[in-house]
Amino acid sequence: MQKIEIKNFGPIESASIEVLPLTVLIGPQASGKSTIAKLVFFFKSLSEYFFTSYFNSPNDKFNVQDDLIYPFRDKFYDMFGNTYDMPDFNIKYWFDRERHIDLSRNEHKHLEVTFSPDFFQKQDYESLIGCKRQLLQLKDSLGQNPVEQMAAESTRIGLLKQMSDIINRIFCVTHNDALYILAGRNATVGYNDVFESLLRATIKQNLEDQGNGAKRINGQTIDETLMLQFMQRVSRLRQVYAKSGNFEGLLSIAPTECKDELAKTLRFIELILKGRYSSSAEGEKIILKDKKFVYLRNASSGQQESVRILQDAFWSIYSGNKVLRVIEEPEAHLYPEAQMLLLQVLAIVLNSSKGNQMVVTTHSPYVLSVFNNLIYAWQTGQSAPDETDVVIARECWINPADVRAYLLTSGNSSDIMDPDLKVIKAEMIDLVSETLNGQYDTLMDIEFKTDHATA
-12 MQKIEIKNFG
-2 PIESASIEVL
8 PLTVLIGPQA
18 SGKSTIAKLV
28 FFFKSLSEYF
38 FTSYFNSPND
48 KFNVQDDLIY
58 PFRDKFYDMF
68 GNTYDMPDFN
78 IKYWFDRERH
88 IDLSRNEHKH
98 LEVTFSPDFF
108 QKQDYESLIG
118 CKRQLLQLKD
128 SLGQNPVEQM
138 AAESTRIGLL
148 KQMSDIINRI
158 FCVTHNDALY
168 ILAGRNATVG
178 YNDVFESLLR
188 ATIKQNLEDQ
198 GNGAKRINGQ
208 TIDETLMLQF
218 MQRVSRLRQV
228 YAKSGNFEGL
238 LSIAPTECKD
248 ELAKTLRFIE
258 LILKGRYSSS
268 AEGEKIILKD
278 KKFVYLRNAS
288 SGQQESVRIL
298 QDAFWSIYSG
308 NKVLRVIEEP
318 EAHLYPEAQM
328 LLLQVLAIVL
338 NSSKGNQMVV
348 TTHSPYVLSV
358 FNNLIYAWQT
368 GQSAPDETDV
378 VIARECWINP
388 ADVRAYLLTS
398 GNSSDIMDPD
408 LKVIKAEMID
418 LVSETLNGQY
428 DTLMDIEFKT
438 DHATA
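Under the working numbering, the first residue of the sequence shown is numbered -12, with each subsequent residue one higher.
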């Protein structure tokens, strides 16, 4: 179990969130959902930052300040802006029951990064230094003999994997593929390739300028950082689908163990998109049942918002990667039935590989209702699997032990899981409906009183 505790950061006054395989955050706009999601993504990416920093260091020395604290501080500034004008805050992320990292603002108004005393063990230092020393020796002793070079490269790959495994164990990492899927995904649809390349280059240059000392502006860099990563992933996936013959082509060459999951996912995808997705030299299209088509850039906002999630979901199942996905507002611009199908696709991804994790932010109580059905299906499926499978495919069932859901209001978080029933509390799902019904009842009372007075 991992957990994040936040005090006085952004719109959050106080929040305590357990990070399980599926963590759902619901609340009104500006309630702090995205702040929490981005912080979780930041902490779960620290192992990658550390690996890059230590691998690129010029010697085998392990220095906590240079190899950990400075890189983490720079990444935090890149994602959340400078702390100089922020109020004092405290953020604590628990990687397991013993180890945590604290972030706060020190007396100089800079970010203070503090590791718990037992975060690194002596053997961790020794193992990392040993790997790095062997990598440096290998680099220095590399000769011109092709056979020796091939052997050295094989050894190098083994050492890099060993170093990665050590760092992942320290930071309790279970994934090897992390992606933040922002709201406003249709920004990757409406532009031609030339404009998109220019946009990516501009974002990249902005981030490099900030890294070289340009002034960081609070709140202006995180979406650029994450959008650049997302646009790069979208560009690669478009090429994959174009070369492979789209979803159907990947399905035809998929490993046997995931073919059924992919076939079900593809059926859901075609129902959501109201047609077949196609990517080619002509562009991205939705091919309709009557063989007509619409270019994706001219498709509905719901199709544009969902297609990037669906592309990534299908590829995640096909590749067998252990994924971390943070997904903002998956329901955006979709009819309720399509929302249900999309969330079932996400459930298939979640279940496709042990160690997968998702953080989902939403405004919609309907999203909670769908997740509740998937949780309930897991429960009924334990005693009546075949009957339950007819209602909801078993690939979509979600183990309630893997779920946490939180309501964010007035700067605070509330756990909305029912501890006895192991589902999301129904009254939280119905909160908006109760407000609407209350207004309607009040209006009826006014009408009744008016009619009575007139009579």
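Among the hints, a few may not be true.
Only pairs whose alpha carbons sit at most 30 angstroms apart, straight line, appear in this in silico DSSO-like list of lysine-lysine [as the list claims (entries may be wrong)]:
| id | residue 1 | residue 2 |
| --- | --- | --- |
| 1 | Lys251 | Lys409 |
| 2 | Lys246 | Lys278 |
| 3 | Lys148 | Lys48 |
| 4 | Lys246 | Lys(-10) |
| 5 | Lys148 | Lys109 |
| 6 | Lys261 | Lys276 |
| 7 | Lys(-6) | Lys48 |
If you're looking for bench data, these hints aren't it; they were derived computationally from the structure.
Computed from a predicted model, the values in this text were never measured in an experiment.
Hints versus structure:
no. : hint                 : result
1   : Lys251 with Lys409   : 27 angstroms, holds
2   : Lys246 with Lys278   : 26 angstroms, holds
3   : Lys148 with Lys48    : 19 angstroms, holds
4   : Lys246 with Lys(-10) : 35 angstroms, violated
5   : Lys148 with Lys109   : 20 angstroms, holds
6   : Lys261 with Lys276   : 8 angstroms, holds
7   : Lys(-6) with Lys48   : 35 angstroms, violated
This entry does not satisfy hints 4 and 7, going by the numbered hints stated previously.
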